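There are 2 protein chains.
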Amino acid sequence: MRMKLSDLGERRIIDKIIKMLRKCPQALLPLGDDAAAYELMDDLVLLIHTDMLVWKTDVPPAMSPYQVGRKLAVMNYSDIAAKGGKPVGILVSFALPSNTDMNTLLEIMRGIEDYSKSVGAYVLGGDLNESNEIIVSGTSIGLARKNEVISRFSAKPGDFVAVTGYFGRTGAGLKILLEGISVDESIKEPLVKSVLEPNARIKEGIALAKSGAVSASIDSSDGLAESLYELSAASDVGFIIFEEKLPIPREVVEFSKITKTDPLEYVFYGGEEYELVLTVRKGMWEIAEREVRSIGGSLFQIGHVIEERKILLKRRDGSIEEIKRKGYQHF
Amino acid sequence: MRMKLSDLGERRIIDKIIKMLRKCPQALLPLGDDAAAYELMDDLVLLIHTDMLVWKTDVPPAMSPYQVGRKLAVMNYSDIAAKGGKPVGILVSFALPSNTDMNTLLEIMRGIEDYSKSVGAYVLGGDLNESNEIIVSGTSIGLARKNEVISRFSAKPGDFVAVTGYFGRTGAGLKILLEGISVDESIKEPLVKSVLEPNARIKEGIALAKSGAVSASIDSSDGLAESLYELSAASDVGFIIFEEKLPIPREVVEFSKITKTDPLEYVFYGGEEYELVLTVRKGMWEIAEREVRSIGGSLFQIGHVIEERKILLKRRDGSIEEIKRKGYQHF
Numbered sequence: 006m007r008m009k010l011s012d013l014g015e016r017r018i019i020d021k022i023i024k025m026l027r028k029c030p031q032a033l034l035p036l037g038d039d040a041a042a043y044e045l046m047d048d049l050v051l052l053i054h055t056d057m058l059v060w061k062t063d064v065p066p067a068m069s070p071y072q073v074g075r076k077l078a079v080m081n082y083s084d085i086a087a088k089g090g091k092p093v094g095i096l097v098s099f100a101l102p103s104n105t106d107m108n109t110l111l112e113i114m115r116g117i118e119d120y121s122k123s124v125g126a127y128v129l130g131g132d133l134n135e136s137n138e139i140i141v142s143g144t145s146i147g148l149a150r151k152n153e154v155i156s157r158f159s160a161k162p163g164d165f166v167a168v169t170g171y172f173g174r175t176g177a178g179l180k181i182l183l184e185g186i187s188v189d190e191s192i193k194e195p196l197v198k199s200v201l202e203p204n205a206r207i208k209e210g211i212a213l214a215k216s217g218a219v220s221a222s223i224d225s226s227d228g229l230a231e232s233l234y235e236l237s238a239a240s241d242v243g244f245i246i247f248e249e250k251l252p253i254p255r256e257v258v259e260f261s262k263i264t265k266t267d268p269l270e271y272v273f274y275g276g277e278e279y280e281l282v283l284t285v286r287k288g289m290w291e292i293a294e295r296e297v298r299s300i301g302g303s304l305f306q307i308g309h310v311i312e313e314r315k316i317l318l319k320r321r322d323g324s325i326e327e328i329k330r331k332g333y334q335h336f
Numbered sequence: 006m007r008m009k010l011s012d013l014g015e016r017r018i019i020d021k022i023i024k025m026l027r028k029c030p031q032a033l034l035p036l037g038d039d040a041a042a043y044e045l046m047d048d049l050v051l052l053i054h055t056d057m058l059v060w061k062t063d064v065p066p067a068m069s070p071y072q073v074g075r076k077l078a079v080m081n082y083s084d085i086a087a088k089g090g091k092p093v094g095i096l097v098s099f100a101l102p103s104n105t106d107m108n109t110l111l112e113i114m115r116g117i118e119d120y121s122k123s124v125g126a127y128v129l130g131g132d133l134n135e136s137n138e139i140i141v142s143g144t145s146i147g148l149a150r151k152n153e154v155i156s157r158f159s160a161k162p163g164d165f166v167a168v169t170g171y172f173g174r175t176g177a178g179l180k181i182l183l184e185g186i187s188v189d190e191s192i193k194e195p196l197v198k199s200v201l202e203p204n205a206r207i208k209e210g211i212a213l214a215k216s217g218a219v220s221a222s223i224d225s226s227d228g229l230a231e232s233l234y235e236l237s238a239a240s241d242v243g244f245i246i247f248e249e250k251l252p253i254p255r256e257v258v259e260f261s262k263i264t265k266t267d268p269l270e271y272v273f274y275g276g277e278e279y280e281l282v283l284t285v286r287k288g289m290w291e292i293a294e295r296e297v298r299s300i301g302g303s304l305f306q307i308g309h310v311i312e313e314r315k316i317l318l319k320r321r322d323g324s325i326e327e328i329k330r331k332g333y334q335h336f
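Protein chains in written order, with the numbering used here: chain A, 6 to 336; chain B, 6 to 336.
In case anyone wonders, no lab produced these hints; they're calculated from the structure.
Watch out, some of these pointers could steer you wrong.
One copy or two, it doesn't matter: identical chains are merged, so the pair holds either way.
Claimed, not checked - Simulated pairs of lysine-lysine, DSSO-like, Cα-Cα distance not exceeding 27 Å: (1) Lys-122 / Lys-319; (2) Lys-122 / Lys-28; (3) Lys-315 / Lys-287; (4) Lys-21 / Lys-122; (5) Lys-151 / Lys-122; (6) Lys-9 / Lys-61.
A quick note: this is a predicted structure, and the numbers were derived from the prediction, not measured.
Please build the complete structure, drawing on both the sequences and the hints.
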């Protein structure tokens, strides 16, 4: 029977692909983790990750070519950081229509180059091809010590659930950009900026890796809820998240009031946010927090790991409900 | 002034991009070489290369999805081998329309997996995206010892010019596929096969690197003439190639007779052949040849390096002419 990709959805497609591949003996992380971790020698591990940007679906209106390049770099370095690695470089492949403006290409590259510079990494190579639509594919590499590589699969009941920053801005910001909702500039500006100029938590990832306090980690590019589901499946545990502890920015709360929407929708399902979602070993919270603070970052405790494989939300009123899985899937 | 990519052409676009990038201190090869060479530690070097396949322009009729995947792997590992590296893995990003047949995707992956297995490498990761056209981007990684990494820039006058195999099959084979030319099966089969199932010279690249006899090397994916021009520019030397020494397969000679075409057109401008084009240090020919023979490969001496930056062809009748540069360029 012919099956189209759209009959299956991204997760099932990826499962089918992973099943047909051999396991690399040098790989420290399973296929499907944020990045591949290839053990080189003497405790040194190469982290490598690839992430593609399809202009038609991934570039919101108002995003400049410079911001597109910058975002490609953020997307790619974020997964290296989530595994505890220090990004060192990126390769970039372009598929472009021949009538593309040369400045568009140069601006995309400038965005990649500038963001790479800001994290101490370099553009190492690339490829140029002709196509009908603009597609940019990045491959980031990073380095880590073997004992610092953080998987998705070692969260244990009793560990704390933590995030490195606020959630909800991108979901609200994208709604403003796509639906042209008009709100006060003081609300609009940070929301829109979160979409156009996201940041990866590079320093936080490295600090957390060094702390030795993290049992599992993922980047939140597919949204907080989806990230929790992925961690849950990989570690075979569940989570209870406390509504009162969720770091929600003032402007997301305001925006929700104005638009009569639920702020938790933005918090759990926004996506394209590049915070780290992680679990901290029992008794090691202070160590993790101190390390992240020492590099100027923040660590928010939002819940803890439970045995039952459910993703629960404890509301302010004490009631408990399941957080639904409805993160964005391709196909 | 607005400049389109098609106003500039691939080489000038790449030059402009390279100019705006910082040079990585750990990079042993300049941007624009076949692969990036990143010095890790203790003499160990990471080779990394990215190559994209756009279905519309890069997949000839009659090529199966399995062969598409296999070719993507060949394209990507070939550049690692050209730098003297041992391929260890590949990452693959897909852009696919949602109505793509699941079997098409699985067959592409099977081609990548099988060819990777045949060279001792592994699929390490990937990414899946929705688009209007099928685009597959590969990133290969390999490892080498620092003193074995072969650049494009160290060819010296007096060195020999060598290739690892025959030239001309793909040009003729593609003509058969695109123009439906009917020739005897004994001629057609090897020509068409060279297009649908190319091979990278992995073992040859590693053997040549170990020999210490190679001063410069490139893979011939853009055609023999273009490869010579690239080596010439990087090393600031010229080449004289002897027509009588060019390894031209019998079936290419036959095909040229039947179609009243010039076999040298296929030899110099075919492209999508994955032989290595290299220069061997003066006095080290026997060493290089012995190493390549020891792994079951061949090394053909086709000319030598000259000081004047020209690419010359010495005809069988003793006359000398320039080999024109007309390799395929995107845009």
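Which numbered hints turn out to be false for this structure? Number 1 only.
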